[in-house]
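Chemist: Top to bottom, those sequences are chains A and B.
If you read the first sequence in the numbering used here, its first letter stands for residue 50, the second for the next number, and so on.
If you read the second sequence in the numbering used here, its first letter stands for residue 33, the second for the next number, and so on.
A hint or two may mislead.
Claimed, not checked - Taking lysine to aspartate or glutamate pairs in the DMTMM-like style, the calculated list, with each CA pair at most 25 Å apart, reads:
#1 B/136 x B/151
#2 A/298 x A/308
#3 B/78 x B/52
#4 B/133 x A/289
#5 B/228 x B/161
#6 B/228 x B/211
#7 B/133 x B/178
#8 B/78 x A/146
#9 B/168 x B/232
#10 A/325 x B/127
#11 B/133 x A/330
#12 B/78 x B/105
What the hints assert, rightly or not - The calculated label-pair distances, taken between Cβ atoms and stated as ranges, are:
#13 A/167 x B/105: 18 to 28 Å
#14 B/114 x A/330: 58 to 68 Å
#15 B/161 x A/329: 52 to 62 Å
Keep in mind the hints are simulated off the structure, nothing from the lab.
Backbone N, C-alpha and C define an ideal beta-carbon position, used for all residues, glycine too.
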Amino acid sequence: MVSLLICIFAADTVTNFEIAFAVFYIAVILIAVGFLSARGVAVLASICIGLTVFSLFLTQRGSFEAGLLNCGISTCAIGITTYLALKIVAAQAAVFDAQEQFARMARLTRLGELTASIAHEVNQPLAAVATSADACRRWLDHSPPNLERARQAAERIAVDARRASDVIVRVRRLAKNEAPHRERVDLNEAAVEAIGMAEHEIERNSISLQMNLADDLPSVMADKIQIQQVISNLLINAIEAMTGVPSFKRELTISSSRDEGGSVVFAVADSGSGMKQSTLDHLFEAFWTTKESGMGIGLTISRSIIEAHGGIISVTSAPRMGAVVQFSLPAAEEKQA
Amino acid sequence: MTTAGQAIDANEPIVYVIDDDRSVRVALEDLLASVGLTARSYGSVKEFLSTPVANAPGCLVLDVRMPGQSGLEFQQQMTTLGIRLPVIFITGHGDIAMSVKAMKNGAIEFLTKPFRDQDLLDAIQQGIERDRLQRKEDSLSSNLRELWQALSPGERVVMELVVQGRLNKQIAGELGVSEITVKVRRSQVMRKMNAKSVTDLVRMWDRLK
Chain A
50 MVSLLICIFA ADTVTNFEIA FAVFYIAVIL IAVGFLSARG VAVLASICIG
100 LTVFSLFLTQ RGSFEAGLLN CGISTCAIGI TTYLALKIVA AQAAVFDAQE
150 QFARMARLTR LGELTASIAH EVNQPLAAVA TSADACRRWL DHSPPNLERA
200 RQAAERIAVD ARRASDVIVR VRRLAKNEAP HRERVDLNEA AVEAIGMAEH
250 EIERNSISLQ MNLADDLPSV MADKIQIQQV ISNLLINAIE AMTGVPSFKR
300 ELTISSSRDE GGSVVFAVAD SGSGMKQSTL DHLFEAFWTT KESGMGIGLT
350 ISRSIIEAHG GIISVTSAPR MGAVVQFSLP AAEEKQA
Chain B
33 MTTAGQAIDA NEPIVYVIDD DRSVRVALED LLASVGLTAR SYGSVKEFLS
83 TPVANAPGCL VLDVRMPGQS GLEFQQQMTT LGIRLPVIFI TGHGDIAMSV
133 KAMKNGAIEF LTKPFRDQDL LDAIQQGIER DRLQRKEDSL SSNLRELWQA
183 LSPGERVVME LVVQGRLNKQ IAGELGVSEI TVKVRRSQVM RKMNAKSVTD
233 LVRMWDRLK
């Protein structure tokens, strides 16, 4: 690319003023867009303009006025090309981001469906086992006991128990493929990204969003995607909790802080209708939900993720007082300076 | 009613089980057999609908989550299909919304798998009892209807006015006939309807409506 730059410069300098060879610098910029950063491309564009002007003074032959004009045209062409090329690149990046976000959402949904289907697969044989055991007992209670029917029931129990354990074996094999992934995560940054994903929903429901994020937060060792999944879950719950209150009362407060123990605390507070103690008691149970269309696994998954990270998740709420869901994660050790 | 129909109706109740899981079906059938109940099980709603329902008291044990049509959907359709079996739901993961919906639509019970056998058996007993009563009620009303249809149009009008508490004189005036005629029709009504008193007649009228 550098040789191309030199060739153009040489040709521009050797030829007459009337020949606007400098427009070929455009080619250099278009090539560079493919592998240089936006800033790099901008710097290259200014170099090209500089060379154009420089060769104006080096060129010996032809009318200087024509040269000046051509120099202006070339400079404009380089500027416009650079601007348009960078815009296209930015648009492509946005598309890529959106795709990635979509893929992430799809993965979260799949995880939910997977958990639900595993639970169903295990529960069916367990239900059969329990029922067969009841039947077996009742056959034995007959007088005289019906041993043949009791034996058949016992055999069914063995078969169904094995079926349930097969499901568990399959799940375990599946889980083995996914090694836990830990990296240094800035919780504020992760939260802002997760909030960005929910922004549309927040606006659509005319919710006013308040963010109180602490500046000097230590980072945590975590799987960023999983933590974002938890935050998304909490946001979705909070948004849905507020559908029942008038829109001027819908307030979502997101805060992060450090507690006395040095852990990082993240909280999502809504101004929804709140929950009774009896509801709070069941909140983290799998497949327990107050929503019409919910599976009841959002908070269950969130808790298992937070606990796998050595953290704690808790909910406080009272009827008509909204709800606060918060989790804390241990801070990562300070980086060696 | 035919004698064959009566033979089946001779009170041998039948429990219909719809669950997509074969193990659950077999276990349930066996549990019911151990307490002397006859069960017929089906893998799907479609399978259930393709076999005729016996003319016997019974109830339906229905799984909520099934491929094809869900139990809750089917419950709502049952009335339009003319199936009046009492329903007991069993489900792997029931939420409140689901159970409220089921109970509102008249389910006897909503049990979460795995359930206590006694809970299920109690619900089934209750369901069969409800169906038995319903059937008795139905046959009683159909008998009454037959009796009522045997009345002459004149007698029907008199019956209607009598149960409204009118005196013979008032009825005569209203219909423009003699009081004697009213008295005759009135005694015919009492005789044909097998009513011992006017109170009896009023009760029958309520049931006919």
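Chemist: Run the distance test for residue 325 of chain A versus residue 127 of chain B: straight-line Cα separation, threshold 25 Å.
Modeler: 17 Å, holds
Chemist: If you draw a straight line from the CA of residue 78 of chain B to the CA of residue 146 of chain A, is it 25 Å or shorter?
Modeler: 46 Å, violated
Chemist: Do the alpha carbons of residue 136 of chain B and residue 151 of chain B lie within 25 Å of each other, as the hint requires?
Modeler: 20 Å, holds
Chemist: Between residue 114 of chain B and residue 330 of chain A, does the C-beta distance stay in 58 to 68 Å?
Modeler: 43 Å, violated
Chemist: Is residue 133 of chain B within 25 Å of residue 178 of chain B, Cα to Cα?
Modeler: Since the Cα atoms of residue 133 of chain B and residue 178 of chain B sit roughly 38 Å apart, the hinted pair is violated (cutoff 25 Å).
Chemist: Would the hint linking residue 298 of chain A and residue 308 of chain A be met if the CA-CA limit is 25 Å?
Modeler: 29 Å, violated
Chemist: Does residue 232 of chain B sit within 25 Å of residue 168 of chain B, going by the straight-line distance between their CA atoms?
Modeler: 18 Å, holds
Chemist: Would you mind confirming whether the straight-line C-alpha gap from residue 228 of chain B to residue 211 of chain B stays at or under 25 Å?
Modeler: With a Cα-Cα distance of about 21 Å, the restraint between residue 228 of chain B and residue 211 of chain B holds, given a limit of 25 Å.
Chemist: Okay, residue 167 of chain A versus residue 105 of chain B on CB: inside 18 to 28 Å?
Modeler: This hint holds: roughly 24 Å between Cβ atoms.
Chemist: Under the criterion that the straight-line Cα-Cα distance not exceed 25 Å, is the pair residue 78 of chain B, residue 52 of chain B satisfied?
Modeler: Roughly 11 Å separates the two Cα atoms, so the pair holds.
Chemist: That 52 to 62 Å hint for residue 161 of chain B and residue 329 of chain A (C-beta), does it hold up?
Modeler: The hinted range 52 to 62 Å is violated for residue 161 of chain B and residue 329 of chain A, with Cβ atoms some 39 Å apart.
Chemist: Run the distance test for residue 133 of chain B versus residue 289 of chain A: straight-line Cα separation, threshold 25 Å.
Modeler: This hinted pair holds, its Cα atoms lying about 21 Å apart.
Violated hints, listed in ascending order, are 2, 5, 7, 8, 14, 15; each of the other numbered hints is respected by the structure.
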